[in-house]
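Guided by the hints, dock chain B onto chain A, whose structure is given.
2 protein chains.
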Amino acid sequence: MPAPEPRSGSEASGASPAASPIEALPAHPDTAGEHLVLRVLQASPHDTVGALRQRLAAGVEVDSAEAVYLLDARRRLLGRVPIARLLQARAEQRLADIAIAPVPAVRVNADQEHVASLAIQHGLTAVPVVDRRGHFAGVVPALALLEVLRREHVEDLHRFAGIGPEDTNRARDAVEAPPIRRARDRLPWLLVGLVGSMLATWIVAGFEATLQARVAIAFFVPGIVYLADAVGTQSEAIAVRGLSLSRLPLARLLAGELRTGLLIGLTLAVLVLGPVWWWFGDADLALAVAVALLAASACATTIGFALPWLLARTGRDPAFGSGPIATIIQDVLSLLIYFWTVQALLF
Amino acid sequence: MPAPEPRSGSEASGASPAASPIEALPAHPDTAGEHLVLRVLQASPHDTVGALRQRLAAGVEVDSAEAVYLLDARRRLLGRVPIARLLQARAEQRLADIAIAPVPAVRVNADQEHVASLAIQHGLTAVPVVDRRGHFAGVVPALALLEVLRREHVEDLHRFAGIGPEDTNRARDAVEAPPIRRARDRLPWLLVGLVGSMLATWIVAGFEATLQARVAIAFFVPGIVYLADAVGTQSEAIAVRGLSLSRLPLARLLAGELRTGLLIGLTLAVLVLGPVWWWFGDADLALAVAVALLAASACATTIGFALPWLLARTGRDPAFGSGPIATIIQDVLSLLIYFWTVQALLF
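Protein chains in written order, with this note's numbering: chain A, 71 to 417; chain B, 71 to 417.
The following block holds chain A by itself, in its conformation from the complex (with noise of 0.2 Å):
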């Protein structure tokens, strides 16, 4: 830790937010600012754990005790004394000798779900606060960093499954609320599905000609759309998630991903294969559904990891990428998949 200039005991410690230099700012919703408290400890890292449990002692107003902050006169984190820590060090000790450090800190405007994710990452029960100038300013508390938590995990999963933002944060509400506000909030979604079965529709009846040639083909429609649908939903649920904690390059991730969903196409083209032709005594209608099962897979994977991360690029929640819409694309290009093959490999 590098030396600072010392600073006296009395000013370091339990910070009121008028004492604080830090500017207001405004807390813009989902951020680190809105879960921001000031009060919190602080002290010199030349200090001692004595000398800092006398100031203590003599009772001081915080709205937070996870840890003691050490800053420099400039109001620079240099490390952070974890209470526990702080209570089981000697009374000689001196705070920079049992401190934590580096500290990892946020900005004000840094995403909730971000601070959530690096106090997991690191250890930490509350996360430090910078402003732009990297002046401390003070932490968002573990309680806040529980809330983040719950209601991210409510929002993705509303977000898979296409229910408005209004519902998102009350999961109760959602079972209890009377069925037209309910049926209101899911709907906005269903209606863009419902312009995405439209497509679906138009699609098939383009191929109706190839149809009326053999009905048998239609046989096989959901069965193809569903497996494409599931392997695409899965692609979805890790990238939503597991992007954000990976610092591979993305092409390097979209590969790996491209060849799981051709060996997952694969193994379910081969287990087709048999089944249909014995099933329905036609080769070619077996391998026509086997090639169009690789390929939709091999594509469902793709857009489903694919869609979440053009979002987490232009700076969206990535979980908007999943759910309905993906799903209608998908629906969309499976067909399209499975209609090409067939008139490629039976006419």
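A few of these clues could be false.
[Claimed, not checked] Partial list, derived from the structure: chain A residues whose beta carbon lies under 7 Å from chain B:
| id | residue |
| --- | --- |
| 1 | A212 |
| 2 | P249 |
| 3 | V274 |
| 4 | G276 |
| 5 | A414 |
[Unchecked claim] Sample of chain A residues lacking proximity to chain B, with all beta carbon distances greater than 10 Å (derived):
| id | residue |
| --- | --- |
| 6 | H98 |
| 7 | P99 |
| 8 | H116 |
| 9 | G129 |
| 10 | P152 |
| 11 | R160 |
| 12 | P174 |
| 13 | A189 |
| 14 | H223 |
| 15 | F289 |
| 16 | V301 |
| 17 | Q304 |
| 18 | D354 |
| 19 | L357 |
| 20 | T372 |
| 21 | A376 |
Keep in mind that the hints were calculated from the coordinates and are not lab data. Positions of the beta carbon are idealized from the N, C-alpha and C atoms, including for glycine.
This is chain B only, laid out in the frame that chain A set:
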């Protein structure tokens, strides 16, 4: 707070595991016991703030310092004093006077997700744990609660998407593991889905004569199956997290959900009736599609809601009731509803 028997100060501070009378319990995975830490701050409610501070200043070994727990002579939990509140109190105050009581606590074998829910509900950053005789054992600390919430979040998403439990704790692994392992983790549910797909094929094949007579019936299969799925997935997402938070009787919740499904189905049915009639110039076909959509939506909400509930009732995680199995059940039912409606109204 009831008046407990006084106990000596030294006995009450920072108990070591050996001093705790709790029997050595095997820590079952995913329970409070797995995350339990024994060395926490303990005191008698008769102690003064000043006396406790002096004891703490002498140095105590603890694993979690979120609060001081007030115990009677038989180790029953009487209240808690958050550490921030202890720092603000006047030295002459008795701990009983600044304590928060009663304190919610969990058994050692409580499900970890229940523990995290309790923490958020009651604003606790550490959840007290008692043994089966009600004796205080220790706490699940804040960091464990954060990890539990993150883990359950990823598990829910993965279950929703039908990804094996092997991978659920490792969100980063799921995007970075070699494709062969990723395919292996994802295949089990897809193979179940493959059997379901064959069932769907078998059902559609069973209506071969119907399709031969009017091939246009096939045009609406992907759209109706997609919309019923989308409606059912919403119900699953709502049930998976909402059920544990609601105290209403199931019959009422299910009735509300069914009404929501009917409202949604009615809206979708009304919206498709005109376009399909205009598009195919066939009022009977349009009516059949609309009626099937209404019935399939109502059915999908009921199944999407009931499956997670059934699993929760049998003591399993409701999230198992979502995802691939629920989807295939819904797909098969939607197909049957559609073809039955078409046969009843068109032939």
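Item to complete: Decide, holds or violated, for the assertion that all CB atoms of chain B are farther than 10 Å from the CB of A/H98.
Response: Correct as stated: the minimum Cβ-Cβ distance to chain B is 22 Å, above 10 Å.
Discussion item. Using Cβ atoms and 10 Å as the threshold, tell me whether A/D354 really stays out of contact range of chain B.
Written reply: holds, 16 Å
Worksheet item: Going by Cβ atoms only, is A/A212 closer than 7 Å to chain B?
Response: Hint on A/A212: holds, closest Cβ of chain B at ~4 Å, below 7 Å.
Fill in: Distance rule for A/A376, whose beta carbon must clear each one in chain B by more than 10 Å
Given that every Cβ of chain B is farther than 10 Å from that of A/A376, nearest at about 13 Å, it holds.
Worksheet item: Is the interface hint for A/P249 satisfied, with its Cβ closer than 7 Å to some Cβ of chain B?
Response: It holds, given that the least Cβ distance between A/P249 and chain B is near 4 Å, below 7 Å.
Discussion item. Take the shortest C-beta to C-beta distance between A/G276 and chain B; is it under 7 Å?
Written reply: Since chain B brings no Cβ nearer than about 9 Å to A/G276, farther than 7 Å, the hint is violated.
Fill in: Minimum Cβ-Cβ distance from A/F289 to chain B exceeds 10 Å
The claim breaks: A/F289 does not keep its Cβ more than 10 Å from every Cβ of chain B (closest is about 5 Å).
Item to complete: Would you settle whether the hint for A/A414 is holds or violated, based on the nearest Cβ-Cβ distance to chain B being less than 7 Å?
Response: Since chain B brings no Cβ nearer than about 20 Å to A/A414, farther than 7 Å, the hint is violated.
Fill in: Check on A/T372 being off the interface with chain B, judged by Cβ distance over 10 Å
Its Cβ never comes within 10 Å of chain B, the nearest being 13 Å, so this holds.
Worksheet item: Beyond 10 Å from chain B, beta-carbon-wise, is A/G129?
Response: violated, 6 Å
Discussion item. If I take the minimum Cβ distance from A/P99 to any residue of chain B, is it greater than 10 Å?
Written reply: At roughly 19 Å from the nearest Cβ of chain B, A/P99 sits farther out than 10 Å, so the non-interface label holds.
Discussion item. Please check whether the beta-carbon of A/H223 is more than 10 Å away from every beta-carbon in chain B.
Written reply: violated, 4 Å
Hint compliance for this structure: hints 4, 5, 9, 10, 11, 13, 14, 15, 16, 17 are not met, and every other hint is.
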